[in-house]
Amino acid sequence: DGGITQSPKYLFRKEGQNVTLSCEQNLNHDAMYWYRQDPGQGLRLIYYSQIVNDFQKGDIAEGYSVSREKKESFPLTVTSAQKNPTAFYLCASSKERTSRNEQYFGPGTRLTVT
Amino acid sequence: EDQVTQSPEALRLQEGESSSLNCSYTVSGLRGLFWYRQDPGKGPEFLFTLYSAGEEKEKERLKATLTKKESFLHITAPKPEDSATYLCAVTGFADSWGKLQFGAGTQVVVTP
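From first to last, the protein sequence lines stand for chains A and B.
In terms of our numbering, the first sequence opens at residue 1 and continues consecutively.
In terms of our numbering, the second sequence opens at residue 115 and continues consecutively.
Derived from the structure by calculation, the hints contain no laboratory data.
Among these hints, one or two may not hold up.
[Stated by the list, open to error] No more than 25 Å apart at the CA atoms, straight line, and that leaves these computed lysine-lysine pairs for PhoX-like:
no., chain 1, residue 1, chain 2, residue 2
1, A, Lys71, B, Lys193
2, B, Lys213, A, Lys57
3, B, Lys193, B, Lys183
4, B, Lys171, A, Lys95
5, B, Lys213, A, Lys95
6, A, Lys70, A, Lys83
7, B, Lys156, A, Lys95
8, A, Lys95, B, Lys193
9, B, Lys171, B, Lys193
10, B, Lys173, A, Lys9
11, A, Lys83, B, Lys173
12, B, Lys156, A, Lys71
13, A, Lys70, B, Lys213
[What the hints assert, rightly or not] Pair ranges (Cβ atoms, derived):
no., chain 1, residue 1, chain 2, residue 2, range
14, A, Glu62, B, Ala208, 17 to 25 Å
15, B, Ala124, A, Lys83, 41 to 49 Å
16, A, Glu62, B, Glu129, 43 to 51 Å
17, A, Arg44, B, Lys173, 25 to 33 Å
18, B, Ser210, A, Thr5, 23 to 31 Å
19, B, Pro122, A, Arg44, 32 to 40 Å
20, A, Gln17, B, Asn136, 39 to 47 Å
21, A, Ser7, B, Ser142, 35 to 43 Å
22, B, Glu174, A, Lys9, 34 to 42 Å
23, B, Ser134, A, Gln17, 25 to 33 Å
24, B, Lys171, A, Asn28, 21 to 29 Å
25, A, Arg44, B, Lys171, 25 to 33 Å
No residue lacks a Cβ here, since even glycine has one placed at the ideal position from N, Cα and C.
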């Protein structure tokens with residue numbers, strides 16, 4: 001089955017530690033995205049990548065970093081510089097410009113930092 | 115800057131009681147408006163894309179419509195399994211390709 005996988009489902013970290021969230025897709029999609037979801041707020045875009053080895057900052061990129069070394073993978077690192085890292089993180093993907101940008105989401109990773 | 119406002123924030127329905135959710139948007143040249151369904155603790159599930167005013171799309175008990183300023187998601191004769199948060203998002207021609215602006219969502223609870 002084609003889809004997007006995120007791991008782990010739950011992640012706990014101590015303040016001051018960097019943590020990397022995994023996102024893999026086998027949909028052969030060109031573009032991938034990372035969003036953050038907080039209670040009562042809409043999804044906010046952290047980073048996105050349209051092609052391998054290229055990515056752009058979204059609206060809330062501070063304290064986060066990404067890489068796109070393979071088409072299938074787009075890991076997100078939450079650094080110690082992120083002031084409020086506790087949130088639900090969602091990865092998504094979409095086809096390139098031949099489509100109308102329908103994004104498909106993974107199951108999410110809930111990160112708790114104490 | 116694109117803006118999306120969804121109303122109401124929450125909606126409680128009896129099974130079979132039809133209703134509508136609203137998504138008001140501000141965007142410079144609409145490229146697309148998207149509806150998603152999200153169950154608690156899960157990722158959003160894609161429902162519909164609408165591209166131009168007057169367009170309508172249906173899927174089971176759900177029907178999405180679009181005007182130049184807003185979109186409605188009509189839920190006809192809902193069942194308890196329609197309980198979820200429904201998210202609306204837009205992208206405009208002025209946006210970088212791939213950027214969606216999401217609303218905060220409408221939480222729908224359908225009771226038997």
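Note to self: Which constraints among the numbered hints does this structure fail? Numbers only, ascending.
What the structure shows: 1, 3, 6, 8, 10, 11, 15, 19, 22, 23
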